[in-house]
Amino acid sequence: MENKVPVKDRIIAWPRMGRIDIPLKALVQSLGAKVVIPPANSNEALELGVRHSIEGICLPYKLNLANYIMALEKGANTLMMFQAPGSCRLGNYTKMAQKTLKQLGYEFDMVIFDMYKSKMKQTLQAFWHVTRCWNPWCYYKGFSLGFNKFFAIDTAERLLFYTRPRELNKGDAEKCYNKWLEITDETNSVWAAKKLKKRIQEDFKKIPIDKNKKVPVVYLIGEFFVLLDPYTNQNIEKELGEMGVEVQRQIMFGDWLEHVLKPSFLYTKESHRERSVRYAQKYMKRAIGGECIETVGDTVYAAEHGVDGIIHISPFSCMPEIVAQNILPKVSKEENIPILSLVLDEQTGKAGYITRIEAFIDLIKRRQRNQM
Amino acid sequence: MNAKYKYTKVGIPRAISYYNNYPFYFGFFQSLGIEVVLSDKTTTKTINAGCKQVVSDTCLPIKVYAGHIINLLEKGCKAIFVPSIQSTGYKINNCSKIRGLPEIIRNVISADFVMIEPTLDKTEKIGLKDFCIETANLLGITDKKAVKTAMKAGWKMYNNFYEMAKSGIPYQTALTNALEGKSVKKPVDIVKPLSIVIVGHGYNLFDERISLNLINKLEKLDVKVYTSLDVYPKEAQKSIKALGEVQYWANEVELTGVAAYYLLKNKIDGIIALSAFGCGPDSLMVDEIAYHCKEKDVPIMHLTIDEHTGEAGFITRIEAFVDMLVRKKRMIIGKNIKMPVKHPAEVIKIEKDKVCVGKAV
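Chains as they are written, first to last, in my numbering: chain L, 1 to 372; chain W, 373 to 733.
Since the hints were made in silico from the structure, they are not lab data. Don't take every hint at face value.
What the hints assert, rightly or not - Simulated crosslink set (BS3-like; lysine-lysine; CA at most 25 angstroms straight-line):
| no. | chain 1 | residue 1 | chain 2 | residue 2 |
| --- | --- | --- | --- | --- |
| 1 | L | Lys-95 | W | Lys-666 |
| 2 | W | Lys-613 | L | Lys-4 |
| 3 | W | Lys-596 | W | Lys-564 |
| 4 | W | Lys-424 | L | Lys-282 |
| 5 | W | Lys-501 | L | Lys-285 |
| 6 | L | Lys-206 | L | Lys-195 |
| 7 | W | Lys-701 | W | Lys-639 |
| 8 | L | Lys-121 | W | Lys-463 |
| 9 | W | Lys-463 | L | Lys-99 |
| 10 | W | Lys-450 | L | Lys-285 |
| 11 | L | Lys-102 | W | Lys-668 |
| 12 | L | Lys-333 | W | Lys-424 |
| 13 | W | Lys-668 | L | Lys-99 |
| 14 | L | Lys-102 | W | Lys-666 |
| 15 | L | Lys-282 | W | Lys-378 |
| 16 | L | Lys-285 | W | Lys-497 |
| 17 | W | Lys-497 | W | Lys-463 |
| 18 | L | Lys-25 | L | Lys-175 |
| 19 | L | Lys-99 | W | Lys-613 |
| 20 | L | Lys-121 | W | Lys-497 |
| 21 | W | Lys-606 | L | Lys-95 |
| 22 | L | Lys-285 | W | Lys-463 |
| 23 | W | Lys-494 | L | Lys-285 |
| 24 | L | Lys-170 | L | Lys-238 |
| 25 | W | Lys-378 | L | Lys-285 |
| 26 | L | Lys-330 | W | Lys-424 |
| 27 | W | Lys-637 | W | Lys-700 |
| 28 | W | Lys-538 | W | Lys-564 |
| 29 | L | Lys-121 | L | Lys-141 |
| 30 | L | Lys-170 | L | Lys-350 |
| 31 | W | Lys-450 | L | Lys-330 |
Chain W on its own, in the form it takes in the complex (with noise of 0.2 angstroms):
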């Protein structure tokens, strides 16, 4: 069966919607019997690489994307996944870089590789059946009811790792788990004193190397983390519309609708926004949250990040925000807490009336 196929091999960067959509794509080919080749993890290395080819006004994960596709030709394959992800709505749109990212990459990497580039536009009525259709064309199969089943198995496995992840587990360990087909229950929920949201692209926060594994780093302080993931992207739509904006970026599920959906919930105690240097739908989102918050009261924290983000900062204003948070919240038990305390001068009347009531006797 493979033997019909132009491509055996398709190569996966690990950077942009890797990070949101790799179940379904690695449920979609494996069903399609073609073999799935990731990227190594993020490395300085690979950052660099991508430096070298791109101009330097571009953000940090468009740098990585390109530093993967890199790390990808060495390891020698020669059909490269590289999806435009235009709309995912109607008029509701992605960023141009990532709407260009073929476009990008086309232009910027002189290499002998074939792009599988199909395309997901929901403004043009492009839905994600013409998107795998297109990506198993551009492989060299045309059976539709293969495709058809495909996309059953992708879905199959991106709902185990979403459901998995929604319930709690770790991003690395539900998608391993997934990705072997297994299902693992949630383990118990450990109390702890603080709860942060963490509001940002799932392309920055997942990478340990980009994020600089700042969700370890919170839990490490005793922090309970909440992400994109523990929120289902329907309640996440609702809650923007609750708060009275209108969702203009396919990423605003992930940053304002997280941010929207704990603010109301109002069980966070602050929030922290992730976004790379010169992100444009972030620099509009995240003021977006900040604006709320002040409405609301919860304190923000805006991280800033990009290829020289040193870590000894990095970690020192977590620490203070943390810090922070915990002196606030304590000042709030305190001042919660009423003790019956009684005036000095009312202990001291009773004292004296009660000298007089033993005179008397």
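With the rest of the complex left out, here is chain L (with noise of 0.2 angstroms):
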């Protein structure tokens, strides 16, 4: 890892995805850093990472490119990075950003957390090198802020999933939701922080919903940076609950987090990746890198719960995503379940995304209605 800036000028930026700035700002902070946060994605981001990255790179590394440079435009100098798990060319990634923003004449340091094997291990070392703080009450503050936030912020979304496409009055449960995450990103102590999950829970009963309407179940699948960014997927929860639609997502930030972090003897229940393994021994006998194994596993496992569809979500040239869309229409006709497969990059036209998702719905309607 790099060292040219001193501990004590380090401003620390990381790459958006979704709201993983909320939580992880508590964490650094309670080490007593100071953090930059690159403005959320947006069209002028992603035409600045166009504008730097080759052509054929996939559209995660464009974004992730256009927040380093943001960053370091508004006074960040250590930039932070995820290399979790699992081998497509996200493990170069950094790399790659090293090399094309010396290019542009930045200096920086980039601390990378390799997520290979020992990935507690890795993360406090990478924490340590960033804040070089000896305090542990500091690191049991932090980590506890950081997990909590990160499980009400699943707590608010998974109630916003269910609550918007039944409420009486229209943008109730999305104004409950922006609440809550301010209140969230505000919340200071390791007590307060612990007590979200329950408070969000309340919050959110209050709201007037219709109990007894039918609403089809569509269950989000795909690459996990598409999935939890909600510029990049063009807010699909959003379109989709608006139509009256129940989403449940693949992935949640917590269960990623706790996958990627936890050391393996302090799993009680079966992970995420375990349980997708499991579900898609029938169609794959193996790993192949990035999250194959768990879009087809989870296809299963979705199709064996009462999903009513599964729309599936990658970015151009993902190369597993890719293996997996070959694999999904088997899956499909033997686990007798629909599946959309949407591929997105910067050329998605939103028109005709939706028109795509409005079928899609009509169809497992349809499909309902019949099998009544």
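Mind docking these for me? Both chains are given alone in their own frames, and the hints should help you get the complex.
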């Protein structure tokens, strides 16, 4: 790891992925470091990223690079990046970003979380490297705050997905969700953070909903970045919710982080990945990198647990997801579940995208009617 | 002896790992007493058959692979060898599609056949020996000694092929001779004015349909062509390090490695990168190579191929590239040769002096 910037002057930034900034900010700040949050992903960010990256690279990299550039412009000097297990082009991101940014004339330190093995140790090492914080209480506070905020956001998101198609006054759930995001961001004590989850649940219960409404359930699967970043997936959850469809997402931040960070001996229940491997057995015998096996496993899982349809989203030319795309038609046939594959890149037009989703939802509804 | 085995015939598709490892596979199966059935050479028909099976986003080599499987099934093969080569070193992985070849084929082709699908994964410490034992087990052979002998036979054949190919014998000739167990001496080298290195995966470059016979086309233009067969993998790996890069992909030896080797040796005039459309690793590697080419002032051309590639446009681009290299070389030669030319003014002065001297005399 590089060490050019003195520890005192470090200002830390990381790429955006949905609302990952809220918990991570709490974590890093309680370790005593300064933080810069790059602006949310937008068309301008994407344009900036596309300008400075090569043609064939996948969409997440372009956005990550834009985030870095924007953060550096805002005064950051230490960049963090995850390299989660699984080996698609993700493993090359940091190397390429470093090279490109140096060509552009920026000076910075890159801190890489190499998550191949001994994840917790690596993470602690990386955080220690960034902050040089010796106080164990700070670490406890940071991780506790971070995790609790992650879980709070997850809870809010789950409730949002449930409430949105059923709400009586349009927009209530969205308002409530945004309010709680702000409160979560402002919370600064471990005690309050632990209570967040319950308070969110209580608040969402107050929204008037139509409990007897028959709502089709759609399961979202695919590449994690695209799933978790609302700009990249064109806010598909909101669109679906407003069409009156309940969304269940393959992965939440909390699950993802648990799998990435927790040491294996602390697992009490089956992790998300283990479950996917078990369910995917019939179609896949080996993991092939990326999130392919999760995609296939979760499709089978969803089909067995009363989901009406599945939407599979992936960035253009994502290698593991192309393999998954090849496998999914057979799964769809054998498990008897409709699947829609959507490929996203920077050229995707929203109108055509919505039309396809609408047609798919119509198909699901008709299928439900026929079954009744 | 053969009656013991579950299968006496194994089909090997003429795609992906065939182009790098076939001599080994052939020697291995032959020594075990198993007949090898090869699919026919790639044709447009093969590609079309493959395209029907897989989704459109898949890259050309995988489509071709599916086409070859169909071809083998038409030939009546009951067991087909579809290896999953996950990684060739610690954390040096292959592309997901090559890693998941058996998964794709299993779910995409709905015919009744058995896949011999061993795994090679050095990150998880599953080496070549385990790979071979697994292959034999799937065929119903449990005799470990026989497997060991077969491995040796495979290596012998592979090394023979590799030595021949490295000495400069064309790929096809080397392969045919190696399979017959012959060893051929290198022909006399003709010095050619230009030398170009083609970087590309073996399965793209040596497949005459996919690469549209690129090597021959260049040789007809009087160009000496270097490929990944001319460089030892170890030297290629060293060159990657010497260039300041880290090997990340298993195929990187064939691309960045070869390019780096020749860039450092400084003995080529240009580089042609050949890759399939939508190839993930290539998008990064070609960019890396281009970056270093810019540093060393070596021209590079990136040719992208897919199932629609038109041959005419392909030829035009190659010819233009070669013409450009020739012009560049001529210019360099022109600069380097220093003719003893005197300034016209000086010549006049000397003549005047001569005249003066003459007058004085």
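Here's how the hints hold up against the structure:
1. With a CA separation close to 19 angstroms, the supplied pair L:Lys-95 and W:Lys-666 stays within the 25 angstroms bound.
2. About 23 angstroms separates the Cα atoms of W:Lys-613 and L:Lys-4, which keeps this hinted pair within 25 angstroms; it holds.
3. Of the supplied pair hints, the one linking W:Lys-596 and W:Lys-564 holds, its CA atoms being roughly 6 angstroms apart against a limit of 25 angstroms.
4. In summary, the hint linking W:Lys-424 to L:Lys-282 is supported, as the alpha carbons are separated by about 23 angstroms, within the 25 angstroms threshold.
5. Only pairs whose Cα atoms come within 25 angstroms are accepted, and W:Lys-501 paired with L:Lys-285 is accepted, the gap being roughly 20 angstroms.
6. A C-alpha spacing of about 18 angstroms is found between L:Lys-206 and L:Lys-195, which places the hinted pair at or below 25 angstroms, so the restraint holds.
7. The hinted pair formed by W:Lys-701 and W:Lys-639 meets the criterion: a straight-line CA distance of about 12 angstroms does not exceed 25 angstroms.
8. With a C-alpha separation of about 19 angstroms, the suggested pairing of L:Lys-121 with W:Lys-463 holds against the 25 angstroms cut-off.
9. The hinted pair formed by W:Lys-463 and L:Lys-99 meets the criterion: a straight-line CA distance of about 21 angstroms does not exceed 25 angstroms.
10. Between W:Lys-450 and L:Lys-285 the alpha-carbon distance is near 20 angstroms, which keeps this suggested pair within the 25 angstroms criterion.
11. Proximity of L:Lys-102 to W:Lys-668 is assessed by CA-CA distance (about 19 angstroms); at most 25 angstroms being required, the pair is judged to hold.
12. For the hint linking L:Lys-333 to W:Lys-424, the alpha-carbon distance of about 17 angstroms falls within 25 angstroms, and the restraint holds.
13. Simply put, W:Lys-668 and L:Lys-99 have alpha-carbon atoms about 17 angstroms apart, close enough for the 25 angstroms limit, and the pair holds.
14. This hinted pair checks out: L:Lys-102 and W:Lys-666 have alpha carbons roughly 16 angstroms apart, not beyond 25 angstroms.
15. A threshold of 25 angstroms between alpha carbons decides the hint, and for L:Lys-282 with W:Lys-378 the separation of about 23 angstroms falls inside it, so the pair holds.
16. For the hint linking L:Lys-285 to W:Lys-497, the alpha-carbon distance of about 17 angstroms falls within 25 angstroms, and the restraint holds.
17. This hinted pair checks out: W:Lys-497 and W:Lys-463 have alpha carbons roughly 11 angstroms apart, not beyond 25 angstroms.
18. Distance restraint check for L:Lys-25 and L:Lys-175: the Cα-Cα separation of roughly 23 angstroms lies within the 25 angstroms cut-off, and the hinted pair is therefore satisfied.
19. Restraint check for L:Lys-99 and W:Lys-613: the C-alpha separation of about 16 angstroms stays at or below 25 angstroms, so the hint holds.
20. For the given pair, L:Lys-121 sits about 23 angstroms from W:Lys-497 by alpha-carbon distance, which is consistent with the 25 angstroms threshold.
21. About 23 angstroms separates the Cα atoms of W:Lys-606 and L:Lys-95, which keeps this hinted pair within 25 angstroms; it holds.
22. Between the alpha carbons of L:Lys-285 and W:Lys-463 the distance comes to roughly 20 angstroms, so the proposed pair stays at or under 25 angstroms and holds.
23. Note on W:Lys-494 and L:Lys-285: the hinted pairing holds, with a Cα-Cα distance of about 17 angstroms set against a maximum of 25 angstroms.
24. Using a Cα cut-off of 25 angstroms, the hinted pair L:Lys-170 and L:Lys-238 holds, with the two alpha carbons roughly 12 angstroms apart.
25. Among the hinted pairs, W:Lys-378 with L:Lys-285 is consistent with the structure: their alpha-carbon atoms are about 22 angstroms apart, no more than 25 angstroms.
26. Proximity of L:Lys-330 to W:Lys-424 is assessed by CA-CA distance (about 15 angstroms); at most 25 angstroms being required, the pair is judged to hold.
27. Distance hint between W:Lys-637 and W:Lys-700 is fulfilled; the C-alpha atoms sit about 19 angstroms from each other, no more than 25 angstroms.
28. For the suggested pair W:Lys-538 and W:Lys-564, the alpha carbons sit about 18 angstroms apart, so the restraint of at most 25 angstroms is met.
29. Annotation: proposed proximity of L:Lys-121 to L:Lys-141 holds, straight-line Cα distance about 18 angstroms (limit 25 angstroms).
30. As the CA atoms of L:Lys-170 and L:Lys-350 are separated by approximately 22 angstroms, the hinted pair is consistent with the 25 angstroms bound.
31. Between W:Lys-450 and L:Lys-330, the direct Cα distance comes to roughly 22 angstroms. Compliance with the 25 angstroms bound is thereby established for this hinted pair.
Consistency note: the structure conflicts with none of the earlier hints.
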